[in-house]
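All chains should be built: construct the whole structure from the sequences, respecting the hints.
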Amino acid sequence: MTTPLMIETLIILPKSLSYIAMIGLVVAGIVEFRQSYIGRVGIFLNSLLLWQIFYHYFNNLPNWFQIYLNIGTIIGIIALVAYLSKESLPVEFYQISFLAYGSFSILIIAALWFGGYLGTTQNLINTSIIK
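If you're matching positions, the sequence shown starts at -6 in our numbering and goes up one per residue.
Using C-beta positions, here's what the derived DEER-type ranges look like:
1. I0 with I60: 16 to 26 angstroms
2. L6 with L77: 16 to 26 angstroms
3. K8 with E85: 30 to 40 angstroms
Honestly, the hints are just simulated from the structure, not real lab data.
The beta carbon of each residue, even a glycine, is placed where N, CA and C say it ideally should be.
Quick look at the structure:
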């Protein structure tokens, strides 16, 4: 098992609002797709939103997915620091972030997880607010 690289006090959205926030991802995803680009703030916010959605289920997630979340935290922090310091990042950073942490990618991952395709969802069902 992996240790989450997220501070629990930063998980501010209730579970039900995390699901509603995914609707906003559709709009953001359309913008990103049309631009073929995701900005530094978008990268940070998407990595934070992943935690808002999956933090409560972290111990039930497959190990590779826990690592994916932790890498997203690191990428999100790099993007935020670059934004605050007004530094541009290499094009490859944006391309990888667009594919791995773009809004459509998060929607696909959430749909696969909640659909039971990325691992067991039995514990998810037991702890979910939607029973």
